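**Q** Chain by chain, the residues run as shown.
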Amino acid sequence: MFTTINGLFFILFSLSCLVPMIYVLAVSLSSSTAVTAGEVILWPVNFTWKSYEYILNKGEYWRAMWISVLRVALGTGVSMMLTILMAYPLSKSKSSFKHQPVFAWYLIITMLFSGGLIPSFMMVKYTGLLDTIWALILPGAVSVFNVLLLSNFFRHIPKEIEESAFMDGAGHFKILLKLYLALSMPILATLIVFIAVGHWNAWFDGLIYMNDQTNYPLQSYLQTILVKSNSQVMTQAHAKLLSMVSDRTIKSAQVFIASIPILCVYPFLQKYFISGIMLGSVKE
Amino acid sequence: MKAIKIPRKQLALYIMLIPPVLVLFIYAYLPMLGVVMSFQRFEPSLGFFRSEWVGLENFRRLLYIPDVKGVVLNTLFIASMKIVVETVAAILVAILLNEIVSKVFRRSVQTIIYFPYFLSWVILGGIFRDMMSREGLINVLLGKLGFEPIVFLSKASLFPYLLVITETWQVTGFGTIVFLAAITTIDPTLYEAAVMDGASRFKQIIHITIPSIRTTIILMVTLSLGYILNAGFEQVLMLYSPLVYSTGDVIDTWVYRMGLQQSQYSLASAIGLFRSVVSLILISASYYFARKFSDHRIF
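Note that the protein sequences, when read in sequence, are chains A and W.
The numbering of the first sequence is our numbering, which starts it at 1 and goes up by one.
The numbering of the second sequence is our numbering, which starts it at 1 and goes up by one.
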C-alpha cells in the first residue's frame with residue numbers, strides 16, 4: 001500500500017519535471033493556429049519545423065549563440081587556470097608556506113563582504129571591460145567555493161610524492177603541472193562541467209555589462225525577447241511564414257534550443273555533482 | 001640584517017598567487033570601496049573623489065520612500081516562505097525516496113527530479129511565462145475543466161506564492177541530496193529493532209529517520225537563515241512585471257531598477273549596503289551556530 005502510493009507520488013513528481021520541457025517542445029513543433037486554439041498539450045499538433053527554420057535563418061540568434069560558446073570556452077579556461085593557481089598554494093600547510101593563512105583569509109573575506117551590484121558594475125566600467133566578453137569572464141573567475149574544493153582535494157595527495165619530486169629537482173610549477181593535475185582529474189572534470197554550465201546559464205551579467213545588444217550571450221538575448229512582449233518579432237521578410245509560426249512557437253523553439261547543451265552535458269554532470277554537492281553543501 | 005626573506009622554495013607559490021589575487025583585488029576588493037557612494041550624492045561625471053559628501057542623507061531618504069518598506073517586507077516574506085517550504089519539501093522527498101525499494105526506479109526518479117536545477121531562470125522563466133499565460137497549458141487544462149482563464153503572473157495576490165511554488169519545484173530534487181546522504185548513515189539495526197517491536201513504516205520514519213537526521217536539518221536551516229534577504233533575484237526578474245511590483249518587488253530587483261535603470265546610484269548603493277550589512281551579520285551568526293550545533297566548518 002505505502003509502496004504503491006509512494007511510487008505513484010514519484011511518478012507524478014518526475015512527470016512534473018518533464019512536462020514543462022515536453023510542452024515547450026510540443027508548442028515549438030506545432031502550427032501557430034493549433035497553439036492559439038489551445039489544442040497543444042504534450043504532443044505537437046499539425047507538426048511543422050517552421051519555427052526552427054525561422055530561427056536557423058535568424059542571424060542574431062546565432063550570433064548570441066556564438067558569444068555564449070566563446071564565453072563558455074574562454075570563461076572555463078580562465079576560471080580553471082586561476083582556480084588551480086590559487087588552490088595549489090592554499091593547499092600547503094603553514095609550515096611549508098608561511099603566508100598560507102593570509103591568502104586563505106584574503107579569499108574568504110570576498111565571500112563575506114561584497115561591494116554589491118552598483119560598485120561592481122562601476123569597477124567593470126572603470127577597467128574598460130564594458131561591452132567586451134571579458135566583462136562576463138573576469139569578475140566571477142575566482143569562486144571561493146571552487147578554490148576551497150580543489151585545495152581540499154590537493155591536500156589529500158600524499159606528501160611523499162611531492163617530496164620525492166623535490167629531490168629530483170622539480171619546482172612547484174612542475175609538481176603542480178606534472179603531478180597534482182594528473183592526480184586530480186576527477187575533481188578537475190567536476191569543476192570544468194560546473195563552471196561551463198554556470199557560464200552557459202548566466203544571463204544577468206550579460207544584461208548589465210553589455211550596452212550593445214549585439215554583444216549579448218544567448219541567455220541574455222533570450223531574456224530580452226522572452227520578457228519583452230512580442231509583436232515586433234516578425235519582419236516583413238518572414239511574412240509568408242506567419243500562417244505557420246507565431247511569437248509563441250518561435251519563443252518555445254528558442255527556449256528549447258538554448259537548453260539542448262544542458263541536456264547533452266547532463267549525463268556527465270550527474271556523474272559528478274553528488275560528490276560536488278556533498279563537499280560543498282554550504283555553497284551560497 | 002635580515003630583510004623580508006622569502007625562502008627560494010616558496011617563491012613559486014607567491015608567483016602563482018599573483019593572477020588570482022589581482023583579479024580578486026580588482027573585482028572583489030575595490031568594489032567594497034564603492035560603498036562610499038552611499039554617503040555621497042554621487043555624480044558619475046565627478047567620480048568618487050569630487051562628488052559631494054552628504055553623510056547619512058541617502059539612508060534618511062530611504063526611510064521616506066514609500067516603496068522601500070514594501071520592498072523589504074516582500075523580501076522577508078518571500079525568502080522566509082521559500083526557506084520553510086523548500087526545506088520541508090526536500091526532507092519529505094528525501095525520506096520518501098529512501099523508501100523506494102527498486103534500485104532502477106529510484107535511479108531514474110533521481111535523475112529526472114535533479115534536472116530542473118540545471119536550467120537557467122531564463123529558460124524556466126520562458127517556460128513558466130508561456131505555461132501560465134492566458135493561452136498557456138495551465139489555462140487550457142483549466143478551460144477543459146470549465147474554469148475561467150487566470151492570468152497568473154499578473155495577479156499581485158498570487159505572485160509571491162508562484163515564486164515559492166516554482167522555485168520549490170526547481171530545487172527540491174537537488175535539495176534531497178544532502179538529506180539522503182544523512183539518511184544513509186543511519187544504523188540499519190535501529191530499523192531492524194523497530195520492526196521487531198512491530199513499528200510500521202510510518203512509525204519508523206517518525207521515530208528513527210527524522211530524529212537521526214535532525215542535525216543535518218538544523219544545519220541546513222541555520223545556514224539558509226543567512227540568506228533571508230535573498231529572495232531569488234534572477235527568478236523574480238524573469239517572472240515579474242509592473243503589475244506585480246506591489247508584492248513581488250524585492251531588494252535586489254529594486255536596487256537593479258533604481259541603480260542601473262534610473263541611475264540613482266547613491267540611493268541604490270545605500271540600500272545595497274544596508275542589505276550587505278544585515279546579510280553579513282546573519283551569515284556570520286548562522287555559520288557560528290552551524291559550527292556550534294553540528295561542528296560544521298566551511299574551511
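You may find that some hints are simply not true.
Claimed, not checked - Cut-off 35 Å, straight-line C-alpha distance, at most; resulting in silico cross-link-like pairs (DSBU-like, lysine-lysine):
#, chain 1, residue 1, chain 2, residue 2
1, A, LYS159, W, LYS9
2, A, LYS98, W, LYS9
3, A, LYS94, A, LYS174
4, A, LYS228, A, LYS159
5, A, LYS228, A, LYS58
6, A, LYS271, A, LYS159
7, A, LYS228, W, LYS203
8, A, LYS94, W, LYS9
9, A, LYS159, W, LYS292
10, W, LYS292, A, LYS94
11, A, LYS271, W, LYS292
12, W, LYS292, W, LYS69
13, A, LYS271, W, LYS203
14, W, LYS103, W, LYS9
15, W, LYS292, A, LYS98
16, W, LYS103, A, LYS228
17, W, LYS292, W, LYS203
18, W, LYS292, A, LYS92
19, A, LYS174, A, LYS159
20, A, LYS92, W, LYS9
21, A, LYS159, A, LYS94
22, A, LYS125, A, LYS228
23, A, LYS58, A, LYS178
24, W, LYS69, A, LYS125
25, A, LYS271, W, LYS103
26, W, LYS144, A, LYS228
27, W, LYS9, A, LYS174
28, A, LYS178, W, LYS144
For the record, the hints were derived by calculation from the structure and aren't laboratory data.
Given the structure is predicted, the values throughout are model-derived calculations rather than measurements.
**Q** The structure should be examined with respect to each hint, and the outcome stated for every one.
**A** Hints, one by one, checked against the model:
{"no.": "1", "hint": "A:LYS159 to W:LYS9", "verdict": "16 Å, holds"}
{"no.": "2", "hint": "A:LYS98 to W:LYS9", "verdict": "11 Å, holds"}
{"no.": "3", "hint": "A:LYS94 to A:LYS174", "verdict": "21 Å, holds"}
{"no.": "4", "hint": "A:LYS228 to A:LYS159", "verdict": "57 Å, violated"}
{"no.": "5", "hint": "A:LYS228 to A:LYS58", "verdict": "18 Å, holds"}
{"no.": "6", "hint": "A:LYS271 to A:LYS159", "verdict": "29 Å, holds"}
{"no.": "7", "hint": "A:LYS228 to W:LYS203", "verdict": "52 Å, violated"}
{"no.": "8", "hint": "A:LYS94 to W:LYS9", "verdict": "14 Å, holds"}
{"no.": "9", "hint": "A:LYS159 to W:LYS292", "verdict": "32 Å, holds"}
{"no.": "10", "hint": "W:LYS292 to A:LYS94", "verdict": "25 Å, holds"}
{"no.": "11", "hint": "A:LYS271 to W:LYS292", "verdict": "33 Å, holds"}
{"no.": "12", "hint": "W:LYS292 to W:LYS69", "verdict": "34 Å, holds"}
{"no.": "13", "hint": "A:LYS271 to W:LYS203", "verdict": "34 Å, holds"}
{"no.": "14", "hint": "W:LYS103 to W:LYS9", "verdict": "52 Å, violated"}
{"no.": "15", "hint": "W:LYS292 to A:LYS98", "verdict": "29 Å, holds"}
{"no.": "16", "hint": "W:LYS103 to A:LYS228", "verdict": "45 Å, violated"}
{"no.": "17", "hint": "W:LYS292 to W:LYS203", "verdict": "30 Å, holds"}
{"no.": "18", "hint": "W:LYS292 to A:LYS92", "verdict": "27 Å, holds"}
{"no.": "19", "hint": "A:LYS174 to A:LYS159", "verdict": "15 Å, holds"}
{"no.": "20", "hint": "A:LYS92 to W:LYS9", "verdict": "12 Å, holds"}
{"no.": "21", "hint": "A:LYS159 to A:LYS94", "verdict": "14 Å, holds"}
{"no.": "22", "hint": "A:LYS125 to A:LYS228", "verdict": "26 Å, holds"}
{"no.": "23", "hint": "A:LYS58 to A:LYS178", "verdict": "46 Å, violated"}
{"no.": "24", "hint": "W:LYS69 to A:LYS125", "verdict": "31 Å, holds"}
{"no.": "25", "hint": "A:LYS271 to W:LYS103", "verdict": "16 Å, holds"}
{"no.": "26", "hint": "W:LYS144 to A:LYS228", "verdict": "29 Å, holds"}
{"no.": "27", "hint": "W:LYS9 to A:LYS174", "verdict": "13 Å, holds"}
{"no.": "28", "hint": "A:LYS178 to W:LYS144", "verdict": "65 Å, violated"}
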